[in-house]
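Can you build the whole structure from these sequences, using the hints too?
2 protein chains.
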Amino acid sequence: MINVAIIGYGIVGNGVAYILENQKNLLKEKANCEINLYKVFTRNWNKNFPYPLKDEKKVYSLEEIIRDKNVHIVVEVAGGIDFPYKVITEAIKNGKHVVTANKALLAEKGKDVFELASQKNIRIGFEAAVAGGIPIIKALREGLIANNIKKVYGILNGTTNYILTAMESQGKSFKQALKEAQEKGYAEADPTLDINGTDAAHKISILASLSFGGFLNFSEVYVEGIENIDTLDIELGKELGYTLKLLAIAKSHEKDVEVRVHPTFLRSDHPLSKVSGVFNAVMVEGDNVGEVMLQGRGAGSLPTASAVVSDIVNIAKSIQIGIGQEIEVTSINWKHKDLNLTKAKDFFTRYYIRFTVPDITGILAKIASVFASYNISIAAVIQKEKVVKLQKESSQHIVPLVILTHTASENSIQQAIREIVRNKLCLKKPIIIRVEDEEEI
Amino acid sequence: MINVAIIGYGIVGNGVAYILENQKNLLKEKANCEINLYKVFTRNWNKNFPYPLKDEKKVYSLEEIIRDKNVHIVVEVAGGIDFPYKVITEAIKNGKHVVTANKALLAEKGKDVFELASQKNIRIGFEAAVAGGIPIIKALREGLIANNIKKVYGILNGTTNYILTAMESQGKSFKQALKEAQEKGYAEADPTLDINGTDAAHKISILASLSFGGFLNFSEVYVEGIENIDTLDIELGKELGYTLKLLAIAKSHEKDVEVRVHPTFLRSDHPLSKVSGVFNAVMVEGDNVGEVMLQGRGAGSLPTASAVVSDIVNIAKSIQIGIGQEIEVTSINWKHKDLNLTKAKDFFTRYYIRFTVPDITGILAKIASVFASYNISIAAVIQKEKVVKLQKESSQHIVPLVILTHTASENSIQQAIREIVRNKLCLKKPIIIRVEDEEEI
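So the sequence lines, in the order shown, correspond to chains E and P. Note that the first sequence covers residues 14 to 454 in the working numbering. Note that the second sequence covers residues 14 to 454 in the working numbering.
Keep in mind the hints are simulated off the structure, nothing from the lab. No false leads were mixed into what you were given.
As the list makes no split between identical chains, a pair holds if one copy fits it or if it spans any two.
Derived DSS-like pairs: lysine-lysine, alpha-carbon spacing no greater than 25 Å straight-line:
#1 K358 - K164
#2 K441 - K251
#3 K124 - K99
#4 K163 - K37
#5 K60 - K70
So, in C-alpha cells, the structure goes:
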C-alpha cells in the first residue's frame with residue numbers, strides 16, 4: 014500500500030482527496046496498486062471544504078508529514094513559491110517522492126528542485142502544472158519522445174481565453190469581460206498573474222525545458238498580458254482573417270530558444286483559434302509526427318486532480334517495484350545544459366500595427382515609406398473611412414490605420430515605430446500585436 | 014544496448030528504421046538508453062526502399078530474428094493477421110518484447126496475444142495501432158487513469174475523412190473523392206477496409222478494451238462504411254447544422270458496452286467537425302477530467318513510426334532495469350472480464366432520415382403519424398419545394414423529405430421505416446444516418 018500525503022487543501026487538494034477516496038477501487042483495478050490517502054496538512058482546518066475529511070487524516074503541522082516514514086508520496090498543492098519550495102525540498106531530503114501542480118515554483122525554482130531530486134533519486138510528478146487535466150507533460154516526455162520538437166505553443170490560461178472569447182463574441186470591453194469571468198468563477202478576485210501573462214509564462218517555460226532539454230532563466234522570458242487589449246483590435250483583426258489569443262510560444266533555434274507570451278493574432282482557421290472559453294490547448298510540432306494538438310480543461314478541481322492522481326499512480330507503481338528516476342523516460346533537462354533565451358529584439362514574426370492617424374491625405378504613404386526604409390514589407394492595410402470608436406476622445410477627425418506586415422524583426426519594427434512617432438505621423442502610441450502565421454520566406 | 018528487430022519493411026518499417034538510425038543520439042540523450050537497429054526481415058529485399066538498409070542488417074528468414082538471443086524487442090509492422098500472429102506469438106514465447114502497429118490483429122486476436130504475453134511477463138506496445146502519431150493509448154493507460162471513461166469516440170481513419178471532407182467542401186461524389194484520394198496517396202489501391210469502416214472498427218475496439226477494461230468479440234461490432242454516402246445528404250445535413258463524419262464510438266453502459274462505426278452527423282460546431290482531411294482526432298470523456306481531445310496525423314510513415322519508437326523507448330527502459338509488465342500502469346483488459354456488446358437494435362440515438370417521396374399533399378403528415386405511433390419524436394423537417402438532384406432518375410415529381418428525430422431506439426426507428434415502406438409512403442429505400450448529439454431526455 015502506497016501512502017499519499019497532501020499539503021494544501023484548496024480546490025485542487027480537495028479534488029485529489031475526493032478521487033483517491035471515491036475511486037480507490039477503480040485505481041486499484043486499473044493500476045493493480047493500492048493507494049491510500051494517508052494525511053492532509055493545511056494551515057487552517059476551521060473552514061468548510063467541498064470534500065470534508067475525517068479528523069484522523071487531518072494534520073496540524075508540516076513536520077507530521079515530512080518526518081513520517083510511512084509517507085511515500087507528498088502532493089504539494091499549496092500554491093505560492095516559498096512555502097512549497099520548503100515543503101518539496103524537505104520532502105525530497107526525507108526520501109519522499111513529490112507530485113506538484115505548482116507551475117510558478119517549477120518555472121522559477123525548478124532547477125534547484127529537480128537537481129536535488131536527481132541527487133536523491135526522487136521522482137517529481139508535474140503533469141498538473143501545465144494545462145490541468147490535459148496529459149501534455151506525458152505526451153512530451155514519452156509519447157512524442159521520437160521527435161525533435163521544433164515548436165510548442167498554445168492557450169495555457171483559461172481565464173484570459175474566457176475573457177478574449179467574451180470580447181470577441183459579444184463585443185465586450187476587457188473590463189466587462191473580466192468582471193463577467195470573476196462573477197462566473199473563471200477569474201480570481203486578484204487575477205493579476207493570469208491577465209498579465211505570468212501564469213501562461215510559467216507553463217510555457219516548463220514545456221520549453223522539457224521540449225528543448227534545459228532550464229531557463231524565467232525572469233528573461235518575454236511576457237505581455239491582455240490588460241490593454243481594445244475590442245477594436247479584435248474586430249479589425251477579424252476583418253483581416255485573424256483571431257486574438259493569449260498565446261504562449263516556445264521555438265527552438267540553432268543557438269537559442271525563443272519563449273514568449275503575448276496577445277497574438279492567429280489565422281481564424283487555425284485549430285487554436287477555435288479553442289474558446291476556459292479551454293486550454295497545446296500544439297506540438299515534431300519533426301516526425303508533424304502537428305499534434307491536445308485540448309481540454311486547463312483548470313478546475315477535478316480536471317487538475319485527474320492529472321495529479323495520474324502522477325501519483327505512475328510513481329506508486331515504481332515505488333512498488335523499488336525503483337526511482339531510472340524508469341523516467343525523459344528528464345526535464347535532458348540536455349543537461351541551460352537554455353539561452355532569444356532576446357526580444359531578435360524575435361522575427363509578423364506584426365499587426367494600429368496607428369491612430371489624422372485624416373489627412375498622404376499619411377499612409379509616409380508611414381509606408383518609413384516601413385520600406387527598414388525593409389519591412391506590408392502584407393495588408395485597413396484604413397477605415399469612418400472614425401471608429403475613437404471619436405469621443407478628440408474633436409479632431411482621426412481614423413485607425415491598420416498595417417499587417419510580412420515577417421520582420423522586432424528590432425526593425427520598433428525602430429520604424431519610433432521614427433513614425435518622432436515624425437508625428439500618428440496621434441497616439443501605436444498598438445502592436447504580433448501575428449503567428451508562418452510564411453515561406 | 015537494446016537490440017531492436019523489425020519484421021516487415023513497408024512504409025512504417027522504413028520510418029522506424031529511419032528514426033532509430035538518424036535520431037539515435039537524440040533518443041540516447043532524451044531517454045538515457047542506447048537503442049540499436051539490429052536486424053530487419055522482409056520477404057522480398059529486391060525492391061527499392063525509401064530508407065535503404067545496409068546489407069548486414071537484412072535478414073532472410075524469420076527464424077534468424079526469433080531464435081536470436083540478442084534481440085530484445087521485435088517490431089511487427091508486416092500487416093495482415095495470420096503471419097503477424099505467428100511472428101508475435103513466437104516472439105513472446107522466445108522472451109522478446111513486442112511493438113506492433115497492427116490494429117487488425119489486436120482487435121481480432123488481441124485476447125490470445127495479450128494473455129500469452131501476460132503469462133510470459135512480456136510487454137506489448139501498441140501506441141501506433143490507433144491514430145498513428147497521436148499518443149492516445151498512453152493517454153488512456155496513464156494520463157487519464159484517474160477517470161471512469163464514459164465515452165471515447167473520434168475520427169480514426171484518415172482516408173475516409175479525406176473523402177468526406179472533399180465531398181463536403183467541393184461537392185464531389187464519393188467516387189470522385191475516392192479517386193482523388195487514391196491519386197494523392199491517401200487511399201490504397203484496394204481501399205475496402207478503410208471505406209467500409211473495418212479499419213476504424215479495429216481501432217475503436219482497442220480503445221474500448223482499454224477504456225472499459227475487457228476484450229470484446231470483434232465480429233459483433235456494428236460497422237457501416239461510407240461507400241453509399243450521397244453528397245446530397247452531406248448538403249442537407251449542413252442545412253440542419255450538422256457535419257458528416259465516419260465516427261467510431263465506444264460508450265460504457267451499466268451492463269454492456271456500445272461500440273459502433275458508421276457515418277454520423279455531428280453538430281458543425283463540435284470540435285471533431287473541424288477535423289478535416291487526413292487528420293485523426295479522438296475525444297475522451299472522463300468523469301473527472303471532462304472532455305479531452307487529441308488530434309494529429311493518424312497515418313503516414315514518420316507519424317506512425319514516431320508512435321512505434323515511443324513504445325520501443327518505453328520498453329527499452331524497462332529492459333534496462335530488468336522488469337517487464339509490472340511497470341505497466343493499466344493492462345488492456347484491466348477488469349479481466351470480457352465486454353458484452355450492446356446489440357444494434359438497442360442503440361439509442363438521434364436519426365437523420367431522408368425519404369424520397371412523391372410530391373403529393375399529405376405525405377409528410379402520414380409519415381409523421383407513423384413516427385408518432387412508435388413514440389419517435391421529430392426535431393426538424395426539411396421538405397424541398399424543388400426536386401433536388403433526383404430528377405434524372407424518374408419522370409415523376411419526387412422530392413427529398415428529411416426528418417431529424419430526437420433520441421429514439423434503433424428498434425423503433427427500424428420498425429417505423431418498415432411500416433412506411435410497406436405502406437408505400439416513399440419511393441425508394443430511405444437513407445438513415447445516425448446523429449451524435451446528446452440531448453437531455
